[in-house]
Amino acid sequence: MIDNSYWSVLFNASPQPTLLLKADHPAYTIAFANAASEAFINSSRGDLAGNSFTSLLQTHSVGVEKVSHMLHHALQYKTAQKLPSVKFDLQPPPTGSGVKYADIIGTPILGDDGEVEFISCIINDVTELVAAKQNERATREDLVKYEKFLSESQRIALIGNWEVDMINNIITWSDVLKEIYEVPADYQPTFESGLAFYKDDYHRAIIIDAVNEAAGRNSVFDVELEIVTAAGNARWIRSTGKADVKDDQCVRLYGVTQDITTSKIAEKALTESRNQYQALVESVEGVVWEADATTFKFTYISNKIKSILGYTPEQWLSDPNFWANHIYQDDREWAVTYCQDQTKEVLNHVFDYRMIKADGGIVWIKDLVSVIAENGKPKLLRGVMIDITESKLMASLDNLEKSVLELAANKGEDQYSILVMYLKGIENLLPHMRCSLLQVKNNKVYTLAAPSLPKDYTDAINGQPIGSQAGSCGASAYRKEKIIVADISTSPLWEKYRDCALKYNIRSSWSCPIINSDGDVMAVFGMYYDEVKEPDDTEQLIIERSAAILKVILENKQRARIIEENTMLMTQGQELANFGNWQWDIKNNTVEWSDVLYNIYGVDKRHHMATYESYLSMLHPDDREPVSNIILNALHTREDTVFEERIMRPDGEMRHLKSWGRVICDAAGSPEKMIGSCLDITSTKIAESQLWDIAWMQSHLVRAPLARLMGLVGLMKEEHQTGNDIEAELLDYIMTTAQELDKVVTDISNKTVQKV
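Each step along the sequence shown adds one to the number in full-length UniProt numbering, with nothing skipped, and position 117 is 117.
It should be emphasised that the hints constitute simulated quantities derived from the structure, not laboratory data. By construction, the Cβ of each residue, glycine as well, lies at the ideal position given by its N, Cα and C atoms. Mixed in with the good hints, there may be bad ones.
[Said to hold, decoys possible] Heads up, simulated SDA-like pairs for lysine to any residue below, C-alpha to C-alpha not over 20 Å straight-line:
(1) LYS392 / ASN321
(2) LYS246 / ILE265
(3) LYS658 / GLY669
(4) LYS392 / TRP364
(5) LYS392 / GLN415
(6) LYS482 / ASN399
(7) LYS199 / ILE265
(8) LYS242 / ILE170
(9) LYS503 / PRO454
(10) LYS82 / SER68
(11) LYS587 / ARG662
(12) LYS22 / ILE109
(13) LYS503 / ASP536
(14) LYS480 / PRO492
(15) LYS242 / MET166
(16) LYS87 / VAL130
(17) LYS441 / GLY425
(18) LYS344 / SER307
[Said to hold, decoys possible] Across the chosen pairs, the derived CB separations fall in these ranges:
(19) LYS444 / LYS503: 17 to 25 Å
(20) PRO431 / ALA668: 20 to 28 Å
(21) ASN589 / TRP660: 41 to 49 Å
Using the sequences and the hints, build the whole thing.
Quick look at the structure:
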């Protein structure tokens, strides 16, 4: 039996936690615990003594079975046993962790009888050592994991690394790099073999220059090169490297190489696609654009903007408000507001507005806008701006021409007002342009209309002769051709009138002759600008159309004047001849009379309603049926008719008329209207009656005495057959004279009858 004081002193002197355990398997009761064990187990020795070590292990150690097994071996074999790195989960101290690791050494202590009486249990705290090993193992695992991750990542990304020992001329390639170059795993590259992989001398020169520059500057290089692998496949690589320089000497090169063949192919395809898209965009007869739907700032605009408006894409994109600021002032507010409102509602929209060109001109734009939404809210605007200036101008010109021609057809409008309206309309279509129309008369020009030209200028050219060098208008009238003078200051045509034109800031002049149907120049249409300018295609078209319209206006006015004069003469002739005309609309039973016809019928035009029935009612009662039959027959046969009729005026006077009629049929051949004329022959009828009276008088009052005279002469001749010769001769003479006189009277009577 060991003295308690002895082992108490002995165990307390040990710096390691030590427990003296009884050999009462399986409890292993704690007989004694030194001071160091208190600190390890974080419990007082009073709490430990008398308690089962196995129970303590069950509470604080995860290796209770292993410890119990080790103690049992010590007890059974009476030899010391060791169990390394036993984990204890103890009550944690105020600072630090409660988990500890210890090597447990069980040494049996034999009694006097040679049997194990106690087991000395030394607990060697190896917590820090275990932690260090765990950290080392974790670090090693992380390193392996990282190396594997790096290797797999490089393989996935097709990135291989390389190193060049410049001192020993040794080149090292990673496995992935060898896979990129398609060489065997045991391939050992050299400087010469490495350069041989590059496609041609051009690429070899690039890598050599890049390496030399990096070595000289102690810097990094990054180049893209084309190689041909050992298997003969063409590949693109990106090689990035750095040089280590010591004492002005490059001792090491290292870096990575990535296979970028796929990205190069994609880049090429993308470039081709972009080029195709750009070509498609540029082929569109309009400006393709994109803008932010919130700020309306443009993010893209095609190069077509240069040819349409004269601005570069850079100018357009540099100013967030460029679009709004360059809309024509009269359209700016409503156009911007309309686009914003439609965008808020996520509605695609199309609208027309005017924009100001870089040179100050005006262009009509049709903007087709698509609203791109995200989560129901507008995100982007994409659209196409189309130049519709020509179509807008042509539509406006059509409306102007229609209005002018309608006015020209109105007899009440004077020619000057019509011409001024037309010229001002053209000036509104082409801002900064002024128009004139000069009449050509007796080979001189006279202003018909020039609403915007200075009066002093028009007065100066009024009455000037036409000629080959008489300005644009004078030369145009003289040559009978269009004259375009882009710069008056240098044109020989304007030598005589140059100072006058430049005085009023007239810099260019385009003139077109107005030639009538007979081939004569009636007038000259002139267009003037305050800048040196050639007409574009649209302006050329407007010149030609304007000349054609002005020809119609002038010729129509001239023809209207002739018609008016002829109508006046015809009216006067009808009035003098008492000759009227009429037109009967059969379907609507309306009749139109000329003014003379109202006079013939003796009715007031303001109160008389002319119809077929009213016409019949004014016929002489004896003529109504015959005339009606004549008209009905004409309608049936569609043949022209001539007849005489008698009418009874409202005042009771009878008039004699001679009428002509013609039937007009529709497309189906049915009578549609009847037209005709009437001649008042009352005076003729009266003259006929008088001639009949004269004939009767000649026949009865003159010839009767002559007949009696000739009878008496005949009797006298019979009685004086044997008489005096002189008397017989006298009677013969009287008889001859009477017979001649009778013949004359008979001829006169016959002619009178013939006239009747």
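Practice prompt. Provide an ascending list of the numbers of those earlier hints which the structure does not satisfy.
Written response: Hints 1, 2, 3, 5, 6, 13, 17, 18, 20, 21 not satisfied by this model.
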